[in-house]
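> Sequence:
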Amino acid sequence: MKTKTYVILGVIVVGLLVILSTPIIDLSPGKYDEFAKCVTESGAMMYGAYWCPHCIEQKESFGNSWKYIVYKECSLPNRGGQTEECQEAGIESYPTWEFSDGSREQGFVSLSRIAELTGCELP
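Those letters in the sequence shown? Residues 111 to 233, by the working numbering.
Just so you know, the hints here were simulated from the structure itself, not pulled from any lab data.
All values reported here derive from a predicted model rather than from experimental measurement.
Misleading hints may appear alongside valid ones.
Dumping the calculated DSS-like pairs for lysine-lysine here, alpha-carbon to alpha-carbon at most 27 Å [stated by the list, open to error]:
id : residue 1 : residue 2
1  : LYS182    : LYS147
2  : LYS169    : LYS141
3  : LYS141    : LYS177
4  : LYS147    : LYS169
5  : LYS141    : LYS112
With beta-carbon atoms standing in for the labels, derived distance ranges [said to hold, decoys possible]:
id : residue 1 : residue 2 : range
6  : GLU167    : GLU198    : 54 to 60 Å
7  : ASP143    : GLU167    : 15 to 21 Å
8  : GLU226    : PRO187    : 47 to 53 Å
Built from N, CA and C at the ideal position, the CB exists for glycine as well.
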């Protein structure tokens, strides 16, 4: 009887630990949703790599609104080279933003600069 009680308590404790350690997913609208949608509608996109610190910083600058940006992953798994798409596009550094007129900006690009290049209004 005592063993059964300990097993049940153990399962409850483990369950609570799992629930409490699970990150909460924020589904609220992002501050830059309309801006990010406009950037995408303008034809802009970003090439990057999952391991690139400036790419991560760029994504974080958009917050929850990043999901509206067209993003092309250039790195193969384990940093094993570059995807064919990025090679053909001539991507040499990350991040690289490409705009509808064919112009490019390399490195972290401020939201105000992206707004200037796309004609989109920042909130």
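> Indicate, hint by hint, whether the structure satisfies it.
Cross-check of the supplied hints:
| no. | hint | in the structure |
| --- | --- | --- |
| 1 | LYS182 to LYS147 | holds, 16 Å |
| 2 | LYS169 to LYS141 | holds, 13 Å |
| 3 | LYS141 to LYS177 | holds, 12 Å |
| 4 | LYS147 to LYS169 | holds, 14 Å |
| 5 | LYS141 to LYS112 | violated, 54 Å |
| 6 | GLU167 to GLU198: 54 to 60 Å | violated, 26 Å |
| 7 | ASP143 to GLU167: 15 to 21 Å | holds, 20 Å |
| 8 | GLU226 to PRO187: 47 to 53 Å | violated, 35 Å |
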